[in-house]
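Chains as they are written, first to last, in this note's numbering: chain A, 384 to 888; chain B, 384 to 888; chain C, 384 to 888.
Do not take every clue at face value.
One copy or two, it doesn't matter: identical chains are merged, so the pair holds either way.
[Stated by the list, open to error] Quick list of in silico lysine-lysine cross-link-like pairs, DSBU-like style, CA-CA up to 35 Å:
id	residue 1	residue 2
1	749	586
2	643	491
3	498	703
4	643	749
5	749	444
In short, the hints are calculated from the structure, not lab data.
What follows is each chain in one-letter form.
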Amino acid sequence: MEKEIGELHLKDSGKTCELRAKIEEIQQTSGPTLFTLFDGTGSLVVKAFAGPGVRAFPELKEGSFARMHIMLHVYEGALEGELQKASLLPPKEATALLQQIQYSLAKKASPPTTKLLIHSPLLEQLKPRMVAFATAVRQAVMEARPIIMRHNADTDGYTAALALEQAIVPLIISHHDDEKAQWHYYRRSPSKAPSYEYGDALKDLATTLQDMARFGMKEPLIILADFGGTRDDLLSLKKVRAYGAKVLIVDHHEPGDVEKYADVFVNPHAVGGDSNNCTGMLATEIAHFINPKCQLFLFAAVAAHGDKVSGPEVDQYVAKAGELGFSEEFLKNLAECIDFDAHYLRFIESRGLVNDLLLSEPERQKQLVEMLITEITERRAAVLGAAKHYVEKVPMRNFIFGIVPIANVTIKSEYPAPGKAIGLLFDHLKEKQPVILFGYGPDFITIRSSYSGFDVNVFAKELEKAFPHALVCGGGHQVAGSVHFIEAALTEILAFSRKYIERLN
Amino acid sequence: MEKEIGELHLKDSGKTCELRAKIEEIQQTSGPTLFTLFDGTGSLVVKAFAGPGVRAFPELKEGSFARMHIMLHVYEGALEGELQKASLLPPKEATALLQQIQYSLAKKASPPTTKLLIHSPLLEQLKPRMVAFATAVRQAVMEARPIIMRHNADTDGYTAALALEQAIVPLIISHHDDEKAQWHYYRRSPSKAPSYEYGDALKDLATTLQDMARFGMKEPLIILADFGGTRDDLLSLKKVRAYGAKVLIVDHHEPGDVEKYADVFVNPHAVGGDSNNCTGMLATEIAHFINPKCQLFLFAAVAAHGDKVSGPEVDQYVAKAGELGFSEEFLKNLAECIDFDAHYLRFIESRGLVNDLLLSEPERQKQLVEMLITEITERRAAVLGAAKHYVEKVPMRNFIFGIVPIANVTIKSEYPAPGKAIGLLFDHLKEKQPVILFGYGPDFITIRSSYSGFDVNVFAKELEKAFPHALVCGGGHQVAGSVHFIEAALTEILAFSRKYIERLN
Amino acid sequence: MEKEIGELHLKDSGKTCELRAKIEEIQQTSGPTLFTLFDGTGSLVVKAFAGPGVRAFPELKEGSFARMHIMLHVYEGALEGELQKASLLPPKEATALLQQIQYSLAKKASPPTTKLLIHSPLLEQLKPRMVAFATAVRQAVMEARPIIMRHNADTDGYTAALALEQAIVPLIISHHDDEKAQWHYYRRSPSKAPSYEYGDALKDLATTLQDMARFGMKEPLIILADFGGTRDDLLSLKKVRAYGAKVLIVDHHEPGDVEKYADVFVNPHAVGGDSNNCTGMLATEIAHFINPKCQLFLFAAVAAHGDKVSGPEVDQYVAKAGELGFSEEFLKNLAECIDFDAHYLRFIESRGLVNDLLLSEPERQKQLVEMLITEITERRAAVLGAAKHYVEKVPMRNFIFGIVPIANVTIKSEYPAPGKAIGLLFDHLKEKQPVILFGYGPDFITIRSSYSGFDVNVFAKELEKAFPHALVCGGGHQVAGSVHFIEAALTEILAFSRKYIERLN
């Protein structure tokens, strides 16, 4: 009796059924031949044995459409079949099945909901991209395509990646009807650098190529969360796409001109927005599209605290989190705890640790946060003390110019790192008057400003012009960012910086 | 016929038996239901199939006590059973079985011997803690709880960890009746830092959480050998315990106030002793309690040489090693070889390499030591030459004050590292007169002293007071230790140090 | 009916046969006893079950020769047997079989061809060593010995290792009749340092010892490609050989006196040649001996471009590559792309990425190269610009002396690294006049010279003599090389260098 693959259950083990399906993949083992069938409702692997290493049913090719008799059985907890009879479909019937498959795929891949969790004209504008993102993810799950998640290793990056993870992993388990499938078809790695570094892209490809050669895996879907859209990412994007990977980017940083190298590019700047809709917030909405059970207001609200963004969208997420019992202070503390653990986790993939901070029972969540927050507060105070001692404050007419050797006033590899420490010092200094703060290390200056007459990006461009030999790069927002250069240029660049700031006066 | 699990053997495969046991764990697979049974004498996994993914014997819960009929068979070399009939025990019988299990467990977990290998009033005082340590380890093995061993990457740390490993691994293999079990239930990692760094704790938790989610493993027993008892370890201890890990610490360094965060804390300082009973010696005794076959005098004697400790306990271990044919010179050379290999192994887990140095046949052991010792001697001489050239010797009335940029007179990442090199220079200088030696790097000073008027800990406290903004931390023994601080403070701290030492004069 | 193992096929599953073979290995599992048989034509694992964990056929020992009746079957896609009857061979028959096995082994291990791909008197002189290399590799494959390939992480090292890989992997697959065998019996790792560092040797041993203990693997055959023959490699060679590893070295760098620590040592210097026959070229010839299907002219030609070598051999490889459609410009670009990817792959083992650059279809190959080459060209131009700005050019009578803080004019961890950057600057400067170029970092000087009155090795020796306390080491060719020393000595060494060069004038 004819069946669809989607109708089959483990309990059909032992029965025979008739299927019409596309032959997606054929793998010849040293024993039987394996055929992966797909009919739009699901996938099934069926075996046929015509002698050890002998190709069974040679008339079936990859891409053929056929009618088949299959004896079902369970192997290692999953449903498999034995192919007993097969006949190619006549062309008309094949075309009809193809259309049916495409229609069915598109229908299944399209998000069950596309209603935003909050009211936001800006997010409505981004919605078509978010829907495309969710559709691509759902399709990858249905195609048994491995998903590689790469994310920024800060609070915003973690919440974004974990919101998507909360949506994706249950779909993978349910599609394969197998708890273990999540370890085969999904992988997440934090990245220390705020870009998809070429070395990371090569590492992903190395793993991918090995998985393809060794286990017959498909080309991956790569998700970049909270980075991926700047000139620094370009070569990596080109490289992974040359190997057949699809790339989805969700980010809120000022993008470069790389949109065309992503399959989907979700970034508020692309529709006239700014960075205040941070990645964790965007990912919370996409997660809801992928899997409507995910309504992760806490994730969005914590992300907003982590990145210190504000706006009408932030207010709504924070309010929703408040309704769930999370105070603003708790959100702030939780954001700092995630940042702290992220610092020490570095590039370790941990499927449980940060999730636990976000998803535990309230009592345990509180306990975990309390355990860390005292330590965090002490360390921040200590480093702030050091930074205050070593900052040189040059009084200007309209503002204070602060210069601090920030790399040398923090403890190597410990929390808080220079980028965080400069923020602490800035928050302290700006309370009294406008301030432009330069924290330098051997080959960088990280900058914070609350003086409206200064723009990080303008400064970065001037620097680049003045020191063409110094390999200057960087920038950021008007009020915060950093520049990098070669160590040999540090002294002259600091001297130039002082003069530059004086001229602003 | 009723049996105890401990009586069952692989050769009972094919037989049916009756058991009374506690249901420790129930796991529902997509195929059968798995029950882990425990009756105090052993564990057995039994399967029952009520349809794919259907819960068999729903009347059995985790924690139930039942009488069961089981058909035994061998699966992948281990004994398993098929559950054919089960009835819950009446309350009285259940209580009796529980008591029997608890009694049996306590009896099996308690060490077969608690007699020390040497005579030592101090170790007698530590014995209750050592017995508790051994009991906890034995219990973890019986509960199939994974054991994570973390140890200092020097000779003392290695010998301590390997002594315990020699005791633990055979118990694991015998408990599971499976050679392969040692790779699932035991893991050892050297740590470069002399503390349980937060990043290492997170890495252990990440692995643990994945093993729990993926393979149904239990919370681990974590053993910290030759570190773990100071303020620097506090946050890590709290964190792993928040995830249900048990922590056993065996150490001889001056402890901080963290004892209450360890399940067992073996440290001579806790009973009024000092650091002369080094960790390798303590672990040798504990290993003997865990597994009486382990009488590892060589380990203890080599550890003593590695840490250059002395005392009546050391003398006895060295004498016992001498009876086994190991000369003092060989012990010293062996200690240096372990230190050398430890330097290059860094954080690699190697189940065989250092073990081989300690446990090979005498002929091979000699050959391995000879191969390395010439190289080690040459490298030490070379670095000592460099250090002698660059040390500034300031003659004082009662001693010499030596200052050397030790990080810059050693070769990056090669043996000997700065901490070792300063020791070599100190041993050279102190021969002629008392000396206080400061070896500095960009953010640290490592100190050795043979002048009785100086105390590292007093100096560290003064420094902390004088430079509250420099994030000073550290200390050690009176005669040896180190201080760390931020790089920006180096110059002023060196200037302060000179004045401080002059005032001692 | 008596058979040889080499005659057996998967399709013999179900049949019984009679074999005469040596018992190579006996493994007692908790179930059956496993015997690994070898008769010179192939290996076969046969099982016998005498009760769980009971040793079957106790009269058979490792090393015995026996006549056996075996029932064949297929297990996980490979042929296995069940041992039904066995009788030890009488001594004479055993001796005859042993001789037959040895003869057969030697015959099978000896290369099917020993004809060079090009005409070269020098390579003819090296041929006996190359044949021994190929023989050892073929023998390792036949003995199911794991092969560990370590290679320099530059273009020459990669092409050399990958040429050998192209030859070895198909042999492994065919010997075991199993695609998956390549992942068990072959491993390749690039090494950042141009030597077999002791830490890498320990890592290899750690893995090896674990594989031996856990999976019953044999001692490995270690291949060192494009390094391995200097004093720096000595301790590593001794150590791995103490653990039973065989070591084959193919290299073209000036060797130290370590030849006797390698089982085979292929290096043109050993037969009076120089470095112009680079490792990729040598390995191309050896690959052809190992597996005559490998005629990898492209690999050799790209290697030559990577190492900028020249000579009659180079001309022939380049000409052959030209016949295949590869222009000199393309070879140069491809060499640079491999170098670029090698830089970012660091020590990642990637079975596919660099292979893909060398082995893709021409169209895809072109596309992959074009994608990278623009980026590479830009980065090289930028770093050359920086180096030109910061180089101090001291005009001498007969040449220019250039000094540049090369570590500080490149971007940390990005391409091009200092060693590459100094080459770019040198190529630029030498166009106008002879030049001696010193690029220094905190603990090294890297040197390039086109002035005939200067010799890197002579300079290195003078330096060593003048600064015995500076732990100077290094050297290279007359015209290119580097010296390393402790950081404390940098200033005085630079001052000495200036005077030394002035005296050359």
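Results of checking the hints against the structure:
1. 749 - 586: between (37 Å within a copy, 22 Å between copies)
2. 643 - 491: Close inside one copy (26 Å), not across copies (55 Å); limit 35 Å.
3. 498 - 703: For residue 498 and residue 703, the Cα distance is within 35 Å only inside one copy (16 Å; across copies 63 Å).
4. 643 - 749: between (44 Å within a copy, 22 Å between copies)
5. 749 - 444: between (58 Å within a copy, 30 Å between copies)
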